[in-house]
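With chain Z fixed as given, assemble chain R onto it according to the hints.
The listed protein sequences correspond, in order, to chains Z and R. Everything in the first sequence is counted per this note's numbering, starting at 1 for the first residue and increasing by one. Everything in the second sequence is counted per this note's numbering, starting at 1 for the first residue and increasing by one.
A portion of the hints provided could be inaccurate.
Copies of one chain are not kept apart here, so a pair can be met inside one copy or by any two copies together.
Taking lysine-lysine pairs in the DSSO-like style, the calculated list, with each CA pair at most 30 Å apart, reads [as the list claims (entries may be wrong)]:
no. : residue 1 : residue 2
1   : LYS169    : LYS65
2   : LYS46     : LYS169
3   : LYS103    : LYS169
4   : LYS261    : LYS144
5   : LYS144    : LYS122
6   : LYS65     : LYS103
7   : LYS169    : LYS45
8   : LYS65     : LYS144
9   : LYS258    : LYS202
Everything labelled a hint here was simulated from the structure, so no lab data went into it.
2 protein chains.
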Amino acid sequence: MAVSSLHCVQSLGFSSRGRAFFPVGDCSRDNARKSKNCLVFASGKKSDRDLCLESRVETLLDSVKWDDKGLAVAIAQNIDTGAILMQGFVNRDALATTISSRKATFYSRSRSSLWTKGETSKNFINIHDIFLDCDCDSIIYLGKPDGPTCHTGSETCYYTSVNDVLEQKQTEGSRLALTTLYSLESTISQRKAELAAPEHGKPSWTKRLLLDNNLLCSKIREEADELCRTIEENEHSTRTASEMGDVLYHAMVLLALKDVKMEDVLDVLRCRFTQSGIEEKKSRGQQN
Amino acid sequence: MAVSSLHCVQSLGFSSRGRAFFPVGDCSRDNARKSKNCLVFASGKKSDRDLCLESRVETLLDSVKWDDKGLAVAIAQNIDTGAILMQGFVNRDALATTISSRKATFYSRSRSSLWTKGETSKNFINIHDIFLDCDCDSIIYLGKPDGPTCHTGSETCYYTSVNDVLEQKQTEGSRLALTTLYSLESTISQRKAELAAPEHGKPSWTKRLLLDNNLLCSKIREEADELCRTIEENEHSTRTASEMGDVLYHAMVLLALKDVKMEDVLDVLRCRFTQSGIEEKKSRGQQN
Chain Z
1 MAVSSLHCVQ SLGFSSRGRA FFPVGDCSRD NARKSKNCLV FASGKKSDRD
51 LCLESRVETL LDSVKWDDKG LAVAIAQNID TGAILMQGFV NRDALATTIS
101 SRKATFYSRS RSSLWTKGET SKNFINIHDI FLDCDCDSII YLGKPDGPTC
151 HTGSETCYYT SVNDVLEQKQ TEGSRLALTT LYSLESTISQ RKAELAAPEH
201 GKPSWTKRLL LDNNLLCSKI REEADELCRT IEENEHSTRT ASEMGDVLYH
251 AMVLLALKDV KMEDVLDVLR CRFTQSGIEE KKSRGQQN
Chain R
1 MAVSSLHCVQ SLGFSSRGRA FFPVGDCSRD NARKSKNCLV FASGKKSDRD
51 LCLESRVETL LDSVKWDDKG LAVAIAQNID TGAILMQGFV NRDALATTIS
101 SRKATFYSRS RSSLWTKGET SKNFINIHDI FLDCDCDSII YLGKPDGPTC
151 HTGSETCYYT SVNDVLEQKQ TEGSRLALTT LYSLESTISQ RKAELAAPEH
201 GKPSWTKRLL LDNNLLCSKI REEADELCRT IEENEHSTRT ASEMGDVLYH
251 AMVLLALKDV KMEDVLDVLR CRFTQSGIEE KKSRGQQN
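Just chain Z, with the same shape it has in the complex:
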């Protein structure tokens, strides 16, 4: 939402200078508020730390600008690919449940009840972080899905292209809302699938690469070399962008041949960069 006078960052705990709103270790005021939502923390006697966290969650929930039905929009996004998986609504309890369970949970308007994505299919969306927008009335659930999100079995719920409909494209199946990298990945994958069918005329460059490992590998090494030369020979940055595009494209053809998805690569990178160097080396040792 673009126009707003509400600066919710401040109400969420940060002053404009970035100072924490909740002074560490000063929870006497917060403890008095006690939990009134469905948060399920560890049972038994609660430590000061738990009470502190609960009251911070309360304040956060208070800061959301719930609509006249007590709802806000929640968008589930794949943390690795950026794909928008689905969109639902949340009420106070649904958001609190997501925060505590780390499984994307929504409020079903038709059934008037909470539902956790995956409770039937087991395809949960495992939450890594949650983001609020500038108006505090829209939420991103940034997470990793266990499997396809849509009840139709589709990876995401967005598979109807308005362009295709208006251009009367005779699409046999559905076409997902793909951003550039995944659109390219999908095209390469299509070319690979087409290899089985006999073809007339000159094959595309992608098909030639898919059919010839020597050609493909010599191109990957050549493009990596050209990328390096843009810094070694101080070439213009537009040249760097173009050479990096070449590296990416050719490397993605190799990924397709090895049946590796870009999502798998990003998963590796995420795990590598969210753990310490020691942990990472250890996990590499276990993999190899």
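This is chain R only, laid out in the frame that chain Z set:
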């Protein structure tokens, strides 16, 4: 939305077998319906083709499951990076306007009027495609923003991390909802910024690469070679994913040194793969 008995793809123009709902060249039925929304096509006498398109847009608008206020959720997403830029609501007219103008347009609930993102700031979101979800009540505007989307000047409206708030992170500024690739890009960029400050102890690997072009380029060439060897020596696909991760990371350090964003690279790739080979070679000639 996960649970629905509505199969909106069919109502949008496709039978379950993928046959077009609107037989090509048979618009007599459609012409009779005439336009009743705000679509602005070329003025003057309308061709059969224009009338055909208008009626297809009408059918599409009819298929959207508008809520009790006549609204649906619209999410604007960057076609290259996948970043969720903002979320608003659309009514029938807002969606029709977006389809015809190719600029993301919403319905302001507070002002009860249409507004096109960028009408004041000039930071329009240029639409490449629009996607409907399986329930036809949620829409993705897949587009390219001309500049920052948020009224605060932030690239997107989602810059308040619930993790940061609950962990009382003393964030000086705000942290955008970044997916893996852009989170890595942001970390590398931070390391580059930190180079200016004097440091005690051993510099991180990223900093060492940023400070030594020879080391960086030898690593990029080495990692590209290792990626190739996973196919030449028929290594396991997990090895391919790992080596591709290495290629990406090291190449992204080079991008940071050349002040090239991954978004620029993806822009190059999108332009390259949505034009013919002849056009692409021509545009390369103009760039170089």
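How the hints compare with the structure:
1. LYS169 to LYS65: between (41 Å within a copy, 23 Å between copies)
2. LYS46 to LYS169: between (59 Å within a copy, 23 Å between copies)
3. LYS103 to LYS169: Classified as between; 23 Å across copies, 37 Å inside a copy.
4. LYS261 to LYS144: both (15 Å within a copy, 25 Å between copies)
5. LYS144 to LYS122: Classified as within; 13 Å inside a copy, 35 Å across copies.
6. LYS65 to LYS103: Both: 22 Å inside a copy, 27 Å across copies.
7. LYS169 to LYS45: The answer is between: 26 Å across copies meets 30 Å, while 62 Å in one copy does not.
8. LYS65 to LYS144: both (26 Å within a copy, 28 Å between copies)
9. LYS258 to LYS202: Answer is within; shortest intra-copy Cα gap is 24 Å, inter-copy 37 Å.
The earlier numbered hints are all upheld by this structure, with none contradicted.
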